[in-house]
Amino acid sequence: MGFLEIRNTTKSYGPVEILHDIDISVEEGEFLVLVGPSGCGKSTLLNMIAGLEDITSGEISIKGRVMNGVHPSKRNIAMVFQSYALYPNMTVGQNITFGLEMHGTPRAEREKALAEVARLLQIDHLLDRKPGQLSGGQRQRVAMGRALVRDPDVFLFDEPLSNLDAKLRVDMRTEIKKLHQKLKTTIVYVTHDQIEAMTLSTRIAVMYQGYVQQLGTPKEIYDTPANVFVATFMGSPAMNIIPAHVVMREDVPHAKITDADGNEVLLRFSQPNLAEWDGREILLGIRPEAMTDPEGADRQSANIQTLTNRVSVTEPAGSDTFVTMVLGGKEVVARMRADALVRPGQRFDFAANMEKAIAFDPKTEKRIAP
Amino acid sequence: MSAIRHETAVSTGRTARVFLYLVLVLFALFYLLPLYVMGVNSVKPLPEITGGNMMALPRAWTLEPWRAAWSSAQIGVQPTGLKPYFLNSILMVVPAVAISTIVGALNGYILTKWRFRGADWVFGLMLFSCFIPFQIVLIPMALILGKLGLAGSIPGLVLVHVVYGIGFTTLYFRNYYAAFPTELVRAAMIDGAGFFRIFWRILLPVSGPIAVVSVIWQFTNIWNDFLFGASFGGTSQPMTVALNNLVQSSTGVKEYNVHFAAAILAALPTLAVYVVAGRYFVRGLMAGSVKG
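Which chain is which? The protein sequence lines are P and H, in order. This note's numbering applies: residue 518 is where the first sequence begins, and numbers increase by one. This note's numbering applies: residue 60 is where the second sequence begins, and numbers increase by one.
Far from chain P, some chain H residues (derived; all Cβ distances over 10 Å):
#1 Arg73
#2 Leu83
#3 Gly98
#4 Met185
#5 Phe187
#6 Ala210
#7 Gly226
#8 Asn234
#9 Val274
#10 Ala289
#11 Gln307
#12 Val332
#13 Tyr333
#14 Arg338
Covered stretches of chain H (chain P as the covering partner; in silico rule of three or more C-beta atoms under 8 Å from a C-beta of chain P):
#15 238 to 245
#16 248 to 257
#17 261 to 267
Hints were generated in silico from the structure; no laboratory data involved. Using N, Cα and C, we set each Cβ at its ideal position, and we do this for glycine too.
Just chain P, same shape as in the assembly (with noise of 0.2 Å):
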């Protein structure tokens, strides 16, 4: 049984079922992220789990208590909020023991862990200070620092880095990543941004429409994505999604899809359990970063197919060279090497590292292979 157990949880206003059957059992210690696209129920569920929302059917317990009903201070958690929720009125120092005072804790108790938490976060010289005169990076370790002086059994973020600007934001992602693997709490952390996601968590839930679409580690959502709306929805640029037939070669499938001058490609599955989808069709799903220039395919792989395509656009990103080409009727992006030597318009050898590659059911957009 987890740390924090979600049960076929539901939630409704009214008639209307906005999350439906959660099920999430999350382990101490470990980061799980809520990731998914705005109104998917990520943030509802984090207020399920404080408190601030009731649960409409199901259970959600903590430390193996059930929380329905639960007062919110009194699940131990703490929650860093999205606009840090400062108390403005008070002195930063006040706002970190705030909790504590309210709980009755002594004062001598109340300093001890404040001073260390000030000291952990870096903002003792800080402690005086209103929230106003702080810059938004300051308000985030005070935010933070009011979860951390609780010492609760869950911290719950909801989207804490969205209001920073970029370069602050990947800071204080590594700082919160640093601050997991030093204290080894639990953490529930709502995000829209698939990169927070994949970089912070030990597990990540995508969240689409109120359901779960996959409960998995970063590398399971990434590399067998359970559907398409997962597949495109986690890495940057999303994953290609083509439409192909299913053609066997040698009693092994091979995916056949028309490149842009209307020619026939086929390309070599590495899943042999494709062979029942003969002469169907399929989605095929393949990473920017498996579709490379020749000398940038992966080495270790077994199975790297080469097919010629013309190219429409180039995007040079610094590190990495965007190139645009159309596959199977749909725009297809590679992701080549900064110093490959490619022009729009120019026929071009591609490598694709069909190892990596991943089939969906058109249908009902589930993954079918591997």
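Given the coordinates of chain P, work out where chain H should sit on it, guided by the hints.
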């Protein structure tokens, strides 16, 4: 090349601006004229007023009319001056303003941060109370005060003014708190603060500007009220009623200088409140995006 021309936006605006200020100063003088008349005539001996020029400065300065208005003028049948009535007004205004402001703040807090089904309806009905004319409630109010045993007393007047003021104070605080981030309340809930603690420690400390608006509004309205004071004041009538009794007396000589002094005395407290808190009044009106 011609000489550099100094015809900038600043210089062309100058003539218009001088004209504008001139007009504004004239308006201000016109507006201040009644105050001047009151002030000047309250420090003149009576013959100087009855003898002619109201606008002239006094030839013989005297504070006697002020002393008389305060402590010896004939109010009704008693030569008490305004002093006891001034005290009545204070005893009525202070609790009425305090209670209505606190209740308004609590209402605003509940209507925005502890929302319940029908909260908007309740607020709408409370708003409605702002538009009920005083005269309509006189008889029902008399009935209720009688039943409560508060008729003709200061607590009765306090009750009337609190009931009448809650609509306004709730409006102010609700709109102010609507702009207050709900995440703060949620954070405080997780921190373990309860209903009153959140109100006291989180919301109230940042409510200064709107509290000032509420206090000024309530103070001015309650202090200046005549109808409720005359109807329900009984033996403890407020300042406004006493002033009326003084000025409207139909026997004896009309002591205009005393009347002027008394009128200024009656207006002083509201003036003082504006001078002290007026700055915050405008700021609070803007902050809560409330129309005053």
